[in-house]
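Colleague: The lines below spell out each chain.
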Amino acid sequence: MANVRANLMICGGTGCIASGGYKFKEALEKELIDRGLHSEFKIVMTGCNGFCAEGPIMTVLPDGIFYEKLKPEHASDIVEEHLLKGRPVEKYMYREPGKTVKVPTMKDIPFFNLQVLRALRNKGMIDPEKIEDYIARDGYMAAAKALTEMSPEEVVKEMKESGLRGRGGAGFLCGLKWEFAMKNPDEPKYIICNGDEGDPGAFMDRSIMEADPHVVLEGMLIGAYATNAHWGYIYVRAEYPLAVKRLEIAIGHAREAGLLGENILGTGFSFDIEVYQGAGAFVCGESTALMRSIEGKRGMPRPTPPNSVYKGLWDKPTVLNNVETLACVPEIILKGAGWFRSLGTEKSTGTKVFALSGSINNIGLIEVPMGIPLKQIIFDIGGGLPRGRTFKAVQLGGPSGGCIPDELIDVPVTYEDINATGAIVGSGGMVVMDDLSCMVSVAKFFLEFTTEESCGKCPPCRIGTKVMQLKLEDICEGRGREGDIELLNDLSHDIIATSLCGLGKSAPNPVLTTIKYFKHEYEEHINQGYCRAGVCRDLVTFHIDEEACKACGVCKRACPVGAITGEKKVPHEIQQEMCIKCRSCLEACKFGAVKTGPGSLREEILKNKAVKA
Amino acid sequence: MAKLTIDDLKKIKEKHLAEMTLREGGSRAKVTVHMGTCGIAAGARDVMDTLTEAVASAGLTDVIITNSGCAGACSREPMVTVEILGQAPVKYIELNADKIREIFTEHIQGGRIVEKYALVIGSESTY
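Protein chains in written order, with the working numbering: chain A, 1 to 613; chain B, 1 to 127.
No lab work stands behind these hints: they were computed from the structure. Don't take each hint at face value.
[Stated by the list, open to error] Heads up, simulated BS3-like pairs for lysine-lysine below, C-alpha to C-alpha not over 25 Å straight-line:
1. Lys145/A with Lys116/B
2. Lys13/B with Lys335/A
3. Lys145/A with Lys11/B
4. Lys116/B with Lys107/A
5. Lys145/A with Lys3/B
6. Lys183/A with Lys316/A
7. Lys116/B with Lys23/A
8. Lys13/B with Lys71/A
9. Lys130/A with Lys116/B
10. Lys85/A with Lys107/A
11. Lys15/B with Lys145/A
12. Lys245/A with Lys3/B
13. Lys30/A with Lys3/B
14. Lys335/A with Lys15/B
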């Protein structure tokens, strides 16, 4: 990229556009081109800054000069005086108004100002059930450009150069996949959108399909043109009824408008899409199982190669892309590979959508440039942990992923860096865990999930995950033995090496990463019969530290069985014979006076009490 | 809708962008109720119904009510974006029927932002 001396941030909010923002932008663009300065100054259309009454407005960065009430005729002054001679034009500059409102603007809040919206550019902006809303925000312009101005080879080239990698989890280069399909002479070909999002804590794809269904259709249309496919499927789980409804409405509107069907936009190219509802099996998110499911067979994976681009749906060449991947396509075609690469890192380009959930303040959906430190996502955008809890780990990539502990929280979020930790970027689910999470139980939870969802075709996955799950259950219920950790490790590596599909190959990841980073918790469970988080009821005794107790009575009120005694100014006490180990007191205490001890502590406390009596 | 050509696409874009944008002589306010699964589960439907009723019973014809998908802050739903001609959009969070009635009277009719329910002013940048 050429050296950009300054960014000219023109507000593209509706207020500024209404007051002539585009007219000023055009005038400024013309002025820059006339003077041959267009490569040195970059014009960026931003969202609303909150000063609509002063619009159109423009901020010049890095100077931070703020112009208001701009008219097309001001453009030449600003270019001449400010950009060329370095003298900001005072008469157009912003003056502090007398009255201010207490509500912060987007640029004051990290949740908004650290995000970069590309795949989510229309979120919350358009009515998803109106095709005109989508078209008004450049919808179908990319498809029009691809179909009329570009050859399939050019589309594939642009996609390859963009470096867009599959957002479903595997991270395979989208352009390369399209190229394989394009070069395959076998016909007919298919393109499938994988909307079978099933990771616990992941809802990126659902949100895109609900908020902006047409972007998925347009991405598929461009992919179909590039690979010469004429039929496409969107595979969505039936648990996403709103997504299914909005996609079907969108397909109906696109057909009426001739954007799907025969002879699209009068170009002679034909393509249509059908929504296929899956019954919700996790394994059907695996590409080959998904294709069997569409064929009406039981959703089970088959060995690869041959890959789907050679033998996919009905044994015909098939391109399968994730929802978010497809949502990135139209803007890449419209704005070019260079634009897409301008964010992210060399090998992980562009932006990624993440779903934040778990013990975090801002639960929701975010989009950030690749390479952003994990810490910034959790503590700045996510707003940190609620109720003063401390960060313990974050689970990335769902049941196929792993936990990243506190000491690695600065890791940049790229495919390579996250893989190096043992976790995966995956489809983008981020579940934040605090000090009240037991990491052995977390591993157990995911293994229960994969055991349940294993299709049963290959023994390593069917039997191996079950054995691991039972072993973890033993550890959590006090039956752990010396050598269990090593056994889990060995089993994990065997399952990874011998499973047929991605489900089995990745199922042990949650166990491996928790052993890697939280081995001491496993050891405490096995050797001391102690679960420090107080999750495994057989391995914990709750008691109150007399010194730390402020006798505030909060735990007493929180206890559902009345097991806590004590009065004002008298340190409280948990009556062990009544305690059901529900952990309410631990969560309620603001002073950290409720402590956990090994399961055996209960007997000790009871014995001491008997002696005293 | 008749089958489109590329010129039609451009025309629709221009025409509809104008309709989506508030301007002098057109609608005075636009209210977007965010209705993704998260919003609906948190009670967005109730907010939408209450708002529609309030606008109808006040006999207002210059307020556009529309719905949209999730705006990203799922834990703060139900969420509504209120845009008044010539002012920055305001995002309101954690709404219910009573709160939207108050916002209707204060902000949509009266032009005063209801600070206690507002999360943020402005809209997001897209790059």
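Colleague: For each hint, tell me whether it holds in the structure or not.
Modeller: Against the structure, the hints:
1. Lys145/A with Lys116/B: Roughly 46 Å between the alpha carbons, so the hint for Lys145/A and Lys116/B is violated.
2. Lys13/B with Lys335/A: 18 Å, holds
3. Lys145/A with Lys11/B: 16 Å, holds
4. Lys116/B with Lys107/A: 19 Å, holds
5. Lys145/A with Lys3/B: With Cα atoms ~17 Å apart, Lys145/A and Lys3/B stay inside 25 Å; holds.
6. Lys183/A with Lys316/A: 13 Å, holds
7. Lys116/B with Lys23/A: 37 Å, violated
8. Lys13/B with Lys71/A: Distance ~23 Å between Lys13/B and Lys71/A Cα, so the pair holds.
9. Lys130/A with Lys116/B: Violated: Lys130/A and Lys116/B sit about 32 Å apart, past 25 Å.
10. Lys85/A with Lys107/A: With Cα atoms ~29 Å apart, Lys85/A and Lys107/A exceed 25 Å; violated.
11. Lys15/B with Lys145/A: 20 Å, holds
12. Lys245/A with Lys3/B: With a Cα-Cα distance of about 23 Å, the restraint between Lys245/A and Lys3/B holds, given a limit of 25 Å.
13. Lys30/A with Lys3/B: 35 Å, violated
14. Lys335/A with Lys15/B: The hint holds at about 23 Å.
Checked against the numbered hints given earlier, the structure breaks hints 1, 7, 9, 10 and 13 and satisfies all the rest.
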